[in-house]
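Participant: Starting from the known structure of chain Y, fit chain L onto it as the hints suggest.
Protein chains: 2
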Amino acid sequence: MKCNTDRRISFCSDNCRCAQCVNQDTLQRNFDTFAIPKDVSPTEISPKSDGVDILWSDSHKSYYPWSWLNFTVQDTSNKKPTIQEKLWGATVSSAPPEVEFNNVLNSTSPKGMAELTGKIRQYGFCFVTNSPKTPEDTEKLLETIGPIRNTHYGGFYDFIPDLALADTAYTNLALPAHTDTTYFTEPAGLQAFHLLSHTPPTNKPADEVLGGQSLLVDGFHAAETLRKESPGDFEILRKVKLPWHASGNQGVAIAPDMAYPVIEATGEKLHRIRWNNDDRGVVPVDIDVDAWYQAARKWDEILKRKESEYWFQLEPGRVLIFDNWRVLHGRSAFEGLRRICGAYISRDDFISRWKMTNFPREEVIASNMQLR
Amino acid sequence: MKCNTDRRISFCSDNCRCAQCVNQDTLQRNFDTFAIPKDVSPTEISPKSDGVDILWSDSHKSYYPWSWLNFTVQDTSNKKPTIQEKLWGATVSSAPPEVEFNNVLNSTSPKGMAELTGKIRQYGFCFVTNSPKTPEDTEKLLETIGPIRNTHYGGFYDFIPDLALADTAYTNLALPAHTDTTYFTEPAGLQAFHLLSHTPPTNKPADEVLGGQSLLVDGFHAAETLRKESPGDFEILRKVKLPWHASGNQGVAIAPDMAYPVIEATGEKLHRIRWNNDDRGVVPVDIDVDAWYQAARKWDEILKRKESEYWFQLEPGRVLIFDNWRVLHGRSAFEGLRRICGAYISRDDFISRWKMTNFPREEVIASNMQLR
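Line by line, the protein sequences give chains Y and L.
Here numbering that gives the first Met the number 0 is used: the first residue of the first sequence is 0, the next is one more, and so on.
Here numbering that gives the first Met the number 0 is used: the first residue of the second sequence is 0, the next is one more, and so on.
Isolated chain Y (complex conformation) (with noise of 0.2 Å):
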């Protein structure tokens, strides 16, 4: 950065750190940066050991730490909370990512949520296991990782699933791998399942098994299995941007702002899947479509295949949570009657939580202002 030459006089005066441009509550900026004079220009500058300080033509005194400075200037990658993803298929079942429900939520400190959102960070979900066995127990965990998302469906939600009602989910038949609400523009960021319990039908014994074995597909395990094996074929759903849609609820038809890739990626990095078959709109005309189809299909078998799958059952007192931006879940058919709470979390939240219970909260707001 040139500040003390006639470039970049504006980048400077906007970014000042001094206690009165930024508002020491809410890290805002507290002036208007576009009421300071085109030609103001450095009268005096200044370094110290902490910072510099700049001394401008209208008289305001600007200070910037060297840390700020290094860490705008410089390549930050080494200053970015992050976390090295562990892609996974069917092994992980050896030894599934899992935290205590009290070191969660009964701490002092918060290592548990650390562990928890971090390992969501790495696993794409997280198992808590020993939870009170209550819907009310289960929303006071989610909570505390972030606020419930609300949709046409409600907030919180807390099921036994009945045939009358419109949407497969609410039915107990088998649901293949896919990640939940496609059709919106944001699609849910977290999501969470809590069985609290499972009882045969009337005319079975106890000790029946009942199926509703549940389903995990890493999706960005996937979609680097596909990238290896069929770039091509990697890049068309990465680039064909497609419709989805929710039409079965009375006066709801909820779609997207924009039609949305299947696989979203920038460069090497996954970003988010979005897959469900069965609420996916009609493949655009105007576009390839055979190679589309062909594509997804070498997409669809690497989903189904045995290595990718992680199949487990959902016990009363072991609250799965996951990232539906990444992983996909399923479930085979049952029988008898199952009662299912959970909710969704915005990712936003759920990532807040991520970075503040894992990083300094410092770090975490300079790389926000940084985010590329």
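Mixed in with the good hints there might be a few duds.
[Unchecked claim] Straight line, CA to CA, 27 Å or less: simulated DSSO-like cross-link-like pairs of lysine-lysine:
no., chain 1, residue 1, chain 2, residue 2
1, L, Lys139, Y, Lys240
2, L, Lys37, Y, Lys303
3, L, Lys37, Y, Lys227
4, L, Lys37, Y, Lys238
5, L, Lys240, Y, Lys79
6, L, Lys79, Y, Lys79
7, L, Lys37, Y, Lys297
8, Y, Lys139, L, Lys139
9, L, Lys240, Y, Lys37
10, L, Lys37, L, Lys79
11, L, Lys268, Y, Lys240
12, Y, Lys268, L, Lys240
Bear in mind the hints are in silico, worked out from the structure with no lab data behind them.
In this text, all values refer to a predicted model and were calculated from it rather than measured experimentally.
Facilitator: This is chain L only, laid out in the frame that chain Y set:
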């Protein structure tokens, strides 16, 4: 579409509209696209008066209504739920859009809701007049449009400014025109304010001018003005992606999933405005920083022109609802105590309500399934 050639077979079999293939409640696919044999082919094509039957080599019989084929394959521009936006400046004050509370809420007809949502789509805002002066009725009104969005500030709000809270919105200071929640991946869609009361300070007479005028600015109008007067600056604000942040609350540091530009637009079509200079992050140093500041200075100047600004006084019984993706809001400083209630509603839910009250359901869903 040439369903009777070898090409596009996947498309046709994937989009069968027969009652067996499409769940008649949810309108979701009722079959596994990728379980259809790759080598399936049509063996019999039978045009009828209302559509076409195709008998496939795996003995499934598909049906496609002509209307569906026409909509899917032809230019659909005439059939999309659409509205002519009315861009406005200060003169909108002579006849601001409004609807009667009773027509929206206490009516068996959807006409009032159609009018309310239609006017918000056209103007970016609408008043609901003769509303009961209670938070309960305001909440009910808003929930009828769509589910209230929950954030780290809570859901439905009902507050009296308290200088102890760490956000300028909760003070009595002047606020320049801005959009809310620039720091969310998906900023709030609709926003509502209902002034329930404004009482003077104890040391002032009851008829004192207390300030607190409200300000709206049509961001789409300002963007079109910028595009016309300075296309280069428009392009800079459209292309340069910036960081945004909310850092004022203990334990919370929110940022969007990636950087976003001030103006989001595809070709001629404006999509979303994101502008709050106070919670804007640092302009990325790897772009032409000076050019960005010059463009932002021009944008700021347009927003602050007298002919851009619509000033008015909020009143009990007159609920303001506006599109936070288009319209900027602000207020002048005030004395005394103001009690204001309101909420955010997600844009997808609002758009769904608008479409479903203004257009036939089949048209809405067909269009959602074709969204580009």
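Participant: Is lysine 240(L) within 27 Å of lysine 79(Y), Cα to Cα?
Facilitator: It holds: about 18 Å lies between the C-alpha atoms, which stays within 27 Å.
Participant: Is lysine 139(Y) within 27 Å of lysine 139(L), Cα to Cα?
Facilitator: holds, 26 Å
Participant: Within a Cα-Cα threshold of 27 Å, do lysine 37(L) and lysine 297(Y) meet the stated pairing?
Facilitator: Holds, because 12 Å separates the two Cα atoms, which is no more than 27 Å.
Participant: Quick one, are lysine 37(L) and lysine 79(L) close enough, alpha carbons at most 27 Å?
Facilitator: With Cα atoms ~33 Å apart, lysine 37(L) and lysine 79(L) exceed 27 Å; violated.
Participant: Between the alpha carbons of lysine 240(L) and lysine 37(Y), is the straight-line distance 27 Å or under?
Facilitator: holds, 23 Å
Participant: Is lysine 268(Y) close enough to lysine 240(L), meaning Cα to Cα at most 27 Å?
Facilitator: holds, 18 Å
Participant: Is lysine 268(L) close enough to lysine 240(Y), meaning Cα to Cα at most 27 Å?
Facilitator: holds, 18 Å
Participant: Regarding the pair lysine 79(L) and lysine 79(Y), is the alpha-carbon distance no greater than 27 Å?
Facilitator: Roughly 44 Å between the alpha carbons, so the hint for lysine 79(L) and lysine 79(Y) is violated.
Participant: Going straight from one Cα to the other, do lysine 37(L) and lysine 303(Y) come out at no more than 27 Å?
Facilitator: holds, 17 Å
Participant: Between lysine 37(L) and lysine 238(Y), is the straight-line Cα distance small enough, at 27 Å or below?
Facilitator: holds, 23 Å
Participant: With a cut-off of 27 Å on the C-alpha distance, tell me whether lysine 139(L) and lysine 240(Y) pass.
Facilitator: violated, 36 Å
Participant: Between the alpha carbons of lysine 37(L) and lysine 227(Y), is the straight-line distance 27 Å or under?
Facilitator: holds, 23 Å
Violation of the numbered hints given earlier is confined to hints 1, 6 and 10; the remaining hints are satisfied by the structure.
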